[in-house]
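K.L.:
What follows is the residue order along each chain.
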Amino acid sequence: MIRISGFAVKGQHCYVTALFICDHLGINVPLKFVDTGNTHTTLTETTAKKLGIDLASLSSEKLKMRATGIGGSSDLYQLAGIRLVFMTVDGTPVEEKLPFVRILKNPVPRNNEEQKALEAIPDLLGLDVIRRFNIRFDKHMMYLERE
Amino acid sequence: MVEKSDLSKLSEYTVNTKWLLENMEKLRAKLPDRYVAVCDSGRKIVDASTLGELVDKLSKVGRQPDVCAVEFISREEYALIV
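Just so you know, the protein sequences line up as chains W and S, in that order.
FYI, numbering that gives the first Met the number 0 numbers position 49 of the first sequence as 48, with every residue one higher than the one before it.
FYI, numbering that gives the first Met the number 0 numbers position 70 of the second sequence as 69, with every residue one higher than the one before it.
Please note that a few of the clues may not be correct.
Partial pick of chain S residues on the chain W-facing surface, computed with a CB cut under 8 Å [claimed, not checked]:
id, residue
1, Val1
2, Ser4
3, Leu9
4, Trp18
5, Leu20
6, Glu21
7, Leu26
8, Leu30
9, Lys43
10, Ile44
11, Glu52
12, Phe71
13, Ser73
Derived list of chain W stretches under chain S, where covered just means 3 residues or more per stretch with a C-beta under 8 Å from a C-beta of chain S [what the hints assert, rightly or not]:
id, stretch
14, 4-14
15, 23-36
16, 84-90
17, 120-134
Please keep in mind that the hints were generated in silico from the structure rather than gathered at the bench.
All values derive from a computational prediction rather than experimental measurement.
We treat Cβ as the ideally placed atom computed from N, Cα and C, and that holds for glycine.
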């Protein structure tokens with residue numbers, strides 16, 4: 000049984016951490032993701048900048064569809080060739096390949112408050128990964144499991 | 000292939016991230032509207048007004064930004080609808 004442990008902090012979302020690896024850009028860093036029902040795993044532009052990903056270099060990967068949600072809509076990009084490496088409860092790595100992840104471009108903030116709110120948007124673990132597992136919740140824990 | 004060092008990096012990052020999320024309210028009260036890095040399982044906290052400044056400060060105290068949990072701690076709490 001493969002069992003990856005996430006954690007649920009009281010009053011907050013469920014989080015899981017993984018190494019985010021993009022070989023062709025030389026990126027190999029741990030990130031935290033919020034578990035969601037979003038279709039695709041998605042990074043924010045804030046995270047992309049931290050990782051040195053230049054959205055201008057992904058202009059050919061700009062999607063025709065835009066993202067929408069509470070607060071408005073925004074451009075979407077995609078970054079191909081991603082590996083997420085999770086760690087099981089017994090310390091074994093579990094690698095999940097993704098053909099791409101989406102990157103959500105930050106809209107131009109209208110004021111300082113909006114800028115702060117943009118910083119609070121997390122990276123999202125989408126159904127493209129979650130559907131590969133059974134998800135189980137315990138008191139303050141969340142598990143992604145499969146045989 | 001994942002190196003052992005990458006797994007330790009993930010492990011350390013996870014502990015720091017959990018500490019940050021569990022102590023978010025204390026951090027919000029103490030360091031509102033600051034970029035914060037949690038290192039060494041919460042024993043070392045570094046803060047700055049910009050992300051660039053935070054990375055510089057981490058380098059000066061000999062910490063790798065990759066394994067620290069880095070977050071902007073907004074003065075106001077936001078409910079995330081995702």
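K.L.:
If a hint holds in the structure, say so; if it does not, say that too.
P.N.:
Verification of the supplied hints:
1. Look at Val1/S: its Cβ gets to within about 5 Å of chain W, closer than 8 Å, so that hint holds up.
2. Checking Ser4/S against chain W by beta carbon gives a least distance of about 10 Å; that is not within 8 Å, so the hint is violated.
3. Of the supplied interface hints, the one on Leu9/S holds, with its beta-carbon coming within about 5 Å of a beta-carbon of chain W, less than 8 Å.
4. Taking 8 Å as the C-beta cut-off, the interface hint given for Trp18/S is violated, the closest approach to chain W being about 10 Å.
5. For Leu20/S, the interface hint holds, the least distance from its beta-carbon to any beta-carbon of chain W being 4 Å, beneath 8 Å.
6. At a threshold of 8 Å, the smallest CB-CB gap from Glu21/S to chain W is about 6 Å, leaving the interface hint in force.
7. Because the closest C-beta pair between Leu26/S and chain W is about 13 Å apart, greater than 8 Å, the hint is violated.
8. Taken as an interface hint, Leu30/S does not check out: its beta carbon lies about 14 Å from the nearest beta carbon of chain W, beyond 8 Å.
9. Against a cut-off of 8 Å between C-beta atoms, the interface hint on Lys43/S is violated, since the closest Cβ of chain W lies about 17 Å away.
10. Against a cut-off of 8 Å between C-beta atoms, the interface hint on Ile44/S is violated, since the closest Cβ of chain W lies about 17 Å away.
11. Residue-level restraint check for Glu52/S is violated (minimum Cβ-Cβ distance to chain W is 14 Å; threshold 8 Å).
12. Because the beta carbon of Phe71/S sits about 4 Å from the nearest beta carbon in chain W, less than 8 Å, this interface hint is met.
13. Using the Cβ-Cβ criterion of 8 Å, the hint placing Ser73/S at the interface with chain W is satisfied: the shortest such distance is roughly 5 Å.
14. With 5 residues carrying a beta carbon less than 8 Å from a beta carbon of chain S, the stretch 4-14 of chain W meets the three-residue requirement, and the given coverage holds.
15. For the stretch 23-36 of chain W, the stated coverage by chain S is satisfied: 6 residues place a CB nearer than 8 Å to a CB of that chain, which reaches the threshold of 3.
16. Counting residues of the stretch 84-90 of chain W whose beta carbon lies closer than 8 Å to any beta carbon of chain S gives 3, which meets the minimum of three for the stated coverage.
17. Counting residues of the stretch 120-134 of chain W whose C-beta lies closer than 8 Å to any C-beta of chain S gives 3; at least three are required, and the coverage claim holds.
This entry does not satisfy hints 2, 4, 7, 8, 9, 10, 11, going by the numbered hints stated previously.
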